[in-house]
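Protein chains in written order, with the working numbering: chain A, 1 to 199; chain B, 1001 to 1218; chain C, 2001 to 2190.
Don't read these hints as lab results, they were simulated from the structure. Misleading hints may appear alongside valid ones.
To be verified - Straight line, CA to CA, 16 Å or less: simulated EDC-like cross-link-like pairs of lysine to aspartate or glutamate:
| hint | chain 1 | residue 1 | chain 2 | residue 2 |
| --- | --- | --- | --- | --- |
| 1 | B | K1169 | B | E1147 |
| 2 | B | K1169 | B | E1059 |
| 3 | B | K1108 | B | D1129 |
| 4 | C | K2091 | B | E1216 |
| 5 | B | K1139 | B | D1116 |
| 6 | B | K1127 | B | E1043 |
| 7 | B | K1068 | B | E1043 |
| 8 | B | K1050 | B | D1116 |
| 9 | B | K1127 | B | E1107 |
| 10 | B | K1012 | A | E14 |
| 11 | C | K2091 | A | D13 |
| 12 | C | K2091 | A | E161 |
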Amino acid sequence: MTAPFFKFGYFNDEVSLIVAFILGLAFGFLFERGGFGSGRMLAAQFYFTDMRVFKVMFTAITTAMIGLFYLSWIGFLDLSLVYFGETFLLPQVVGGLILGVGFVVGGYCPGTSSVAISTGKIDAIVYAIGGLFGIFVFGEAFPYISDFFYSTPMGRVTLPELFGIDHGIILLLVIMLAIAGFTAADWGEKFMASKKEGK
Amino acid sequence: MLKVYAALPPRKRIGILAIILGILAAIIGAPENSTTASVNIKELSMTAGKNVNTVTVQELSNWIIQGKMDYRLVDLRTEADYEEYNIPSSECVSMSSLTNSELMRNEKIILYSDDDIIASQAWFILKSDGYHSVSILKKGMEAWKNEIVFPSCNCGEHSTAELKQLHDKKAEIAKFFGGAMQAVDGSNSAVKKDLPKLKAPKKVVLKTSRKKPAREGC
Amino acid sequence: MNVKEWFHHHDHDNVRDGELTPMHYTNPYLIGLLLGIVLLATFVIMGRGMGASGVLSTVVAVTVEKISPESVQGNNFYMGYLGDGESNPLKNWLMFEVIGIVIGGFISGAIAGRNKFVIEKGPRFTNKKRLLFAFIGGSLMGFGAKMARGCTSGQGLTGGALLSVGGWAFMMAVFAGAYAFAYFVRRQWT
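Between the sequences and the hints, there should be enough to build the whole structure, so can you do that?
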């Protein structure tokens, strides 16, 4: 197994920071190029007029997922060395709901707000400051909510492990789900566009 | 069929490619639990037998004394033997559970058994499974007992200060690990010397614990 | 090409008369594909995925520690972002990655002529209200992201690609929460 390169010591910590920067450049460029630097564009997802957020995210997830599977299969990538966070089901779902509300109210998420700030969106700057405030509130409240924060631990569990289905079958299901989702998204956009015309 | 494929818009083409990859994946199953490995026999035959793959008991004892914890020391013997005595900082892993153990492919692994044979077999298994750094403790437990914990003392031959220093160093190391210098008696007894029972080394305090991994979340 | 033109606001902006005309953004599927490849490269090179919210947490933790060091002792949350005291907590992988994201976004916007100081909002909303909502939304985001141990980049993209149960549950919750609340802020955007 050759990859992940950093974990096998092919380069040191200092170089990894440069790698981080270069990867970040690519992420940021693609985010902005895809329209994620615009709060209006991001929010349009939740009014069904432009399903860009769903399309980009799900395509990216599916692509990377397929890559991880096949690189592991040919013995190039050691999946056990890739960092995998632990699941704490309830706080993650609650946190997701809260973040979702924050997303549609504020118009951004942390990654997209970064590209929005650098392309001049003042509301994104305010959003990021709000983010710092929200994290500060969390930090101060942490001693009181840490029980909830650590509740429902499930460890490093993957969907295949949860459902007892092979990794490859889950892959196929996700791909089919993605295609179905994209078809629906495209149809939904057309429907909303025609509704607007009809008005 | 290829003509039909080429005629489709790019979006549909990628979609079909994705479905094919998905079906192939469903057939493959779970790559991370695969029970087969491909071995680069040329590379293996080049590296096997080289010193990079062995660690002497002297080196290991120095590392333990210095508190260097950058390796995983694996004891391949039975649980009972492990409970009776094991080299400090070692963990017990049986040969059959090597493939689904906690050992990571980027760690420095040192294997030992009673002698070299079992350790060598385990070395081959791990190297075939993609582990990068696997070493064998030369002569295993035998060497550890005979050279570190119960070294023999050529007590008459302390002619030079240097030899005396070596002798004292050996005795000190032996004491660190709960053993003692063994006087060599004149009679060349063919009977295997019965070494004193070694208790599991509670006395040996390992100086440093393993380095905490850097935070990798988001 | 005149470099000044890169930074000048073009006529064919993405927002005109309150209408969204995303003609100058690349096809989302292509972007997703490329993003997935970069994400895969991150896994292969670093053995980890991407992230973004961790940077905000680090900034908060470092600031709180500077202002009142006693309050971070014993608070596991802050301590987790301050490291072991040996190295500068700001010199971490995520920080450099996010700096790259910021600059990468700037470059893309510059090339397309989209860089412009503006407040994004719908036509029926005032600037002041928009900024207020942005702050509130940001606060909710910060709180929620820490509760969920990540944001849409970290838990969503990274956790999603790794098929993490928490990541997928989180993503579904994000979409659910956003769709559920979209009705109440529709005046801000549409």
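Quick rundown of the hints versus the structure:
no.: 1; hint: K1169(B) / E1147(B); result: holds, 12 Å
no.: 2; hint: K1169(B) / E1059(B); result: holds, 14 Å
no.: 3; hint: K1108(B) / D1129(B); result: holds, 14 Å
no.: 4; hint: K2091(C) / E1216(B); result: holds, 13 Å
no.: 5; hint: K1139(B) / D1116(B); result: holds, 5 Å
no.: 6; hint: K1127(B) / E1043(B); result: holds, 10 Å
no.: 7; hint: K1068(B) / E1043(B); result: violated, 30 Å
no.: 8; hint: K1050(B) / D1116(B); result: holds, 15 Å
no.: 9; hint: K1127(B) / E1107(B); result: holds, 12 Å
no.: 10; hint: K1012(B) / E14(A); result: violated, 43 Å
no.: 11; hint: K2091(C) / D13(A); result: holds, 10 Å
no.: 12; hint: K2091(C) / E161(A); result: violated, 36 Å
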